[in-house]
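Make the complex out of the two chains shown on their own, each in a separate frame, by following the hints.
Chain order of the listed sequences is A and B.
Letter 168 of the first sequence, counting from 1, is numbered 167 in numbering that gives the first Met the number 0, and no numbers are missing.
Letter 74 of the second sequence, counting from 1, is numbered 73 in numbering that gives the first Met the number 0, and no numbers are missing.
Honestly, the hints are just simulated from the structure, not real lab data.
Yeah, the Cβ is synthetic: ideal placement off N, Cα and C, and Gly gets one too.
Be aware that a few hints might be false.
[To be verified] Across the chosen pairs, the derived CB separations fall in these ranges:
#1 L43/A with H136/B: 22 to 32 Å
#2 F35/A with L166/B: 13 to 23 Å
#3 A30/B with D117/A: 36 to 46 Å
#4 A30/B with F35/A: 20 to 30 Å
#5 A30/B with Y86/A: 13 to 23 Å
#6 F58/A with A137/B: 41 to 51 Å
#7 F58/A with A106/B: 53 to 63 Å
#8 A18/B with S61/A: 21 to 31 Å
#9 G139/A with A86/B: 20 to 30 Å
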Amino acid sequence: MLKGLILALCGFVLFLVVHVLVFRVYAPRLRFMAMFRIAVVTSLMLVVLHRSTPPDLGFLPSQYTGAGWAVDLLNGLLVFTFLFVGYCMFYFLVDRGFSGRMMIEIETSPDRQLRAGDVAARYSIEMVLQRRLGEMLEIGRIVERDGRYVNTPKGNAAAAMFAFVKKFLQLGEGG
Amino acid sequence: MRGLLAGLMAFGAYFFVQAAVFHLVKISRRAVALVGLWGACLPVYGLVYAALPDDREVWPAALAAPSDVVTLLCGGLLYFFLFMGYAQFFYMAESSVGIRTMVELAAQGERGLSLEELTKRYRYEWMLDRRLDRLIHAGYLVEEDGWYRTTARGRLSAAVLAWSKSLLRLGLGG
Numbered sequence: 000m001l002k003g004l005i006l007a008l009c010g011f012v013l014f015l016v017v018h019v020l021v022f023r024v025y026a027p028r029l030r031f032m033a034m035f036r037i038a039v040v041t042s043l044m045l046v047v048l049h050r051s052t053p054p055d056l057g058f059l060p061s062q063y064t065g066a067g068w069a070v071d072l073l074n075g076l077l078v079f080t081f082l083f084v085g086y087c088m089f090y091f092l093v094d095r096g097f098s099g100r101m102m103i104e105i106e107t108s109p110d111r112q113l114r115a116g117d118v119a120a121r122y123s124i125e126m127v128l129q130r131r132l133g134e135m136l137e138i139g140r141i142v143e144r145d146g147r148y149v150n151t152p153k154g155n156a157a158a159a160m161f162a163f164v165k166k167f168l169q170l171g172e173g174g
Numbered sequence: 000m001r002g003l004l005a006g007l008m009a010f011g012a013y014f015f016v017q018a019a020v021f022h023l024v025k026i027s028r029r030a031v032a033l034v035g036l037w038g039a040c041l042p043v044y045g046l047v048y049a050a051l052p053d054d055r056e057v058w059p060a061a062l063a064a065p066s067d068v069v070t071l072l073c074g075g076l077l078y079f080f081l082f083m084g085y086a087q088f089f090y091m092a093e094s095s096v097g098i099r100t101m102v103e104l105a106a107q108g109e110r111g112l113s114l115e116e117l118t119k120r121y122r123y124e125w126m127l128d129r130r131l132d133r134l135i136h137a138g139y140l141v142e143e144d145g146w147y148r149t150t151a152r153g154r155l156s157a158a159v160l161a162w163s164k165s166l167l168r169l170g171l172g173g
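Next up, chain B with everything else stripped away, as it sits in the complex (with noise of 0.2 Å):
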């Protein structure tokens, strides 16, 4: 349980400071932010696990394991799977078009929406911009003249989806 807790209070450390600090300043990069601050909290988990009892101390026979490796590396398996479930809520709240959708229709009440009325609301050159751009600086694309070109890593990927859109028979998706 010490490798556990200690990762579940860790998280919740980053999850307080990535808040406060998305709250309270503009953020522009915010990936690395969300990694940096991820990263910056790591010792806390370190520090966490040092202050933690051993297991035979506090919990019964079946919730206790050795303080060894093994119990220090889960504790931080949790750390890191935690910050991607919450990486994936975080982008989810950011980018996505259904939730932006659903927040556009609550404003409506039950007038709703119709779809020529919900694309009015989209800029969509915006959206296609702003995802062209973080492609662009993420490496997978390359722009110019207003062309825009997939680089090596962007063929690999599109390779990659492509070949796993295929797999799973999810048609061109998107």
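One chain only, chain A, in its complex shape (with noise of 0.2 Å):
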């Protein structure tokens, strides 16, 4: 299982380079969808050098080398997928994570401190749901109809799964 474990690794580490170069030179409007990208055609990657190379890899012990192909290629995806949900969960933190950008605004102020108004008119409600809905927009979640904003069935479905987990996990309103 050792095989699967180190191309995943190694897997990881390419996508984090190509993704930061293509993110710093190219600045992709679909973000996402260009690192999704970038992930499928680096797992696929890796199921050809999986297929490709021997099982020690050249330099890894006997012992850790007795697993199926299949369960060692599916072991090695698995963690490839679960690394990039995490980085996943870390990127939107980055780009959309409300509670970081306070933070950067209370640092970034002139006398590093500021009330919760002062946070408030630096960062409005308004502010924030236009950053969402031009988002949304873009994947297709939402509509703009004379100036009102409708969701597409897409939305729908979502807004759906997403009220029945709050209403039965009691997460309240949220937001």
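This is how it looks when you write it as structure tokens:
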């Protein structure tokens, strides 16, 4: 099982390098889609590499090369997928994190301290919503008609699923 | 397969226990409950792993792995990763402004909402206070006479986030 793990880790490092390069050089408009595509291509490369290299990768101890190729590949792909999912958590925190933005606003203020009202003035609810609405328009969850926003069927399905989860787990209105 | 199946089954057990607890009890410290329950279900992984037969007895050669420490760790890793993925989904449902927006829009059907109408539905002060309280509780901020300042931990996090935003050219974000 070590071969799959090592290839998954190498694949994830490769994904990170390509992702940073693409974001720095091209600054894609549909950012998550770009990340997702890089991850898919990397995972396909993982499959090819896994099938075309020896079980010991030329250096692994023989006691760790006894797993069947399919379970080793499955394990490697799962690890790569979850590393990508974990990185997405970090990425969304950086890109959209409300709390992170508040800390940056406080840290970059002249006296490095703010009142709640100052934070609201620097980052208003209109700004928060406009950003989210823009993103949801781009990914087809909502449409704009005469200045009004309406869910698409895709948006309604997501809303119904999350409304159920919020209610079932007693998470409140949230947001 | 033994480790992967044990990890998957242990996560299944965690998922049902967590869903039942959150459904039956109104929990205020949700992160503590999520992580605590995950930790409490960890022995389930060990029990399931011990109960499953060796791969060579049930699976074809391509899907069989020796029952060694790597297999045991890989299953544990899957149990951990599934939890991380679920936590991401959980917090999306709990805190995401975008998700809340879609739920608000769904309630209006084809009529939808304008930005102004949508804005009125949010209690922004409550949203901010909730996040500020969490940041204080987690040790990122301190509050004194209504003024919020970052702690050393908060400064480090803000610096990492700002650097990452700059590296990936993400703009101010938030």
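Could you work out which earlier hints the structure fails to respect and list their numbers in ascending sequence?
Violated hints (numbers, rising): 1, 3 and 8; every other hint is consistent with the structure.
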